[in-house]
Amino acid sequence: MAQIEVRHLTKIFTSKDAKVDALKDISLEIEQGDIYGIIGMSGAGKSTLVRCLNYLEKPTKGEVLVDGKELGAMSEKELLKQRKDIAMIFQHFNLLMQKNVVDNVSFPLLIQGVKKKEARRKAKELLGIVGLEEKEQSYPAQLSGGQKQRVAIARALASDPRILLCDEATSALDPQTTASILDLLKDINQRFGITIVIITHQMSVIRKICSRVAIMAQGEIKEHGLVEEIFSHPKTREARELILKDSDGEHGDTAGRTQDRLMEAKKIRIVFSENSSFEPVIANMVLKTGRPVNILRADTKNVGGIAKGEMILGLPDDEKLQKEIEDYITERGLEIEEVTGDV
Amino acid sequence: MFSSEVIQMLVRGIGETLYMTLASTLFGYLFGLPMGILLTISDKEGIKPNWALYKVLDVIANIVRSVPFLILLIVLIPFTRMIVGKSYGSTATIVPLVAAAVPYIARMVESSLREVDAGVIEAARSMGASTFTIVTKVLLVEARTSLIVGVTITLGTILGYSAMAGTVGGGGLGDIAIRYGYHRYEADIMAVTVVLLILLVQIFQTIGMKLSVHLDKRK
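Chains R and D supply the protein sequences, listed in that same order.
My numbering puts the first residue of the first sequence at 97, with every later residue one more than the last.
My numbering puts the first residue of the second sequence at 913, with every later residue one more than the last.
Incorrect hints may appear among the rest.
The calculated SDA-like cross-link candidates involving lysine to any residue, where the alpha carbons are at most 20 angstroms apart (straight line), are [unchecked claim]: (1) D/K1131 x R/K173; (2) R/K212 x D/K1131; (3) R/K195 x D/K1122; (4) D/K1129 x R/D414; (5) R/K173 x D/K1129; (6) D/K1131 x R/G242; (7) D/K956 x R/S240.
If you want the ones that stay clear, here's a sample from chain D, every Cβ over 10 angstroms from chain R, calculated [as the list claims (entries may be wrong)]: (8) V1032; (9) M1039; (10) G1081.
Calculated from the structure, these hints are not laboratory results.
In this text, all values refer to a predicted model and were calculated from it rather than measured experimentally.
Backbone N, C-alpha and C fix where the C-beta goes; we use that ideal spot for every residue, glycine too.
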């Protein structure tokens, strides 16, 4: 049985003059010990979804089950208790600004009625785990963004949660700090077996630590599955967009113009998997056929230790030549698919 | 420059003014703080929205704040007599002062608590904090510097009201300023009482601001 089970979740926000469907019939399962990513552009509904997982937001319809228990059926009191198991960290850290680091980390324990002395002892221990022992007397305002997030992580761990929800936890951080926070999360996941749910709009975050991912847009889950799988075979336009947008701000405009010019030519997408991305397939193909192809886009990256990549080629108009090229590529064990305008 | 009787009277005036101001502020917060908290949490953006409760408190606060203080003073005379036993003197003045202070303080508290970052409140909710815990351990703690500034401003306002109450036999420095300075044309006594009032406000302000800065850990 999955640790978190979401069944047909719908959330509608009603204000005076508008009704917004933030979530439309969402179903998903998250296994114990997994690092599960939920990615989407802003406004996709991912923050609402994650808040439904601890019932900070009450869904309009549908069920959320944590360890088989339905949150919607719980009384207010039971729910407050259940939240002890589901910790959360945030984009803007949300620390108590008037309390020092050790008091911030003790806070969830004090809420649960743990004695102050015991809470502080545990807080200090947790600060050790996140590497901030020497900052225990500092106030949040004196810390860097990365340090604040570490305090928030220590605070989240204080109640010995079984699930950690991360709402854009690295979005306010620079790439280097992001990497170190992600390493810490991975470490926590492995060390304590805590299930982690990560909400982000950065594909790089998903690639770095998630094993599974759900792609959200317009309040729906467009696609979900293993990260490697989605990277190599994105089925939906949303997934492709997110993968291509990742890691490069620069090919936005120019690529669009190039595509306009090449609108008529046939375009194919080649997916590299395993080791093949280290073999000069395209160069060999060009040498063999003697005809140039236009590389519209190329992207290879490391997914969970395995080289993954994709390329989009603009083929010559000649149909015979197109077939020749496609055959060559398939012979090399690569997958191809034809792509249309909006790659 | 002044006779010893005048000086004695001024000292007593300071004492009465301080007594009225501090006691009214204290009692004012006794009722105004909970009222401000209720206003904040029952608001539709609050942590425990309750439209009816919010509306009731909101209307009460607006009505009391609309009535000019002197009118309030007179209207409340029967009530004051019931509580204190008489309707004049410093102690009796405290009753209308508290009545005027409560909604004023409630609004001050409300505006301070509203400044607390919604994210921090959400974080506390995610930890399973109850409404009571959020109020006592998050709202009041995070807003404390702003709340202290509120107390400082309230003290200044109540001090001004207490001087006004002097016109109807409330005692204190205001009373002296009216009786000697205004009715008997003793401008020097009036000047001194005014200077004393200014000094008191100045002292409250300085202490309040120092305390609030000292307690602010955001920098």
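Outcome of the hint check:
no.: 1; hint: D/K1131 x R/K173; verdict: violated, 37 angstroms
no.: 2; hint: R/K212 x D/K1131; verdict: violated, 26 angstroms
no.: 3; hint: R/K195 x D/K1122; verdict: holds, 19 angstroms
no.: 4; hint: D/K1129 x R/D414; verdict: violated, 71 angstroms
no.: 5; hint: R/K173 x D/K1129; verdict: violated, 33 angstroms
no.: 6; hint: D/K1131 x R/G242; verdict: holds, 17 angstroms
no.: 7; hint: D/K956 x R/S240; verdict: violated, 34 angstroms
no.: 8; hint: V1032; verdict: violated, 5 angstroms
no.: 9; hint: M1039; verdict: violated, 4 angstroms
no.: 10; hint: G1081; verdict: holds, 44 angstroms
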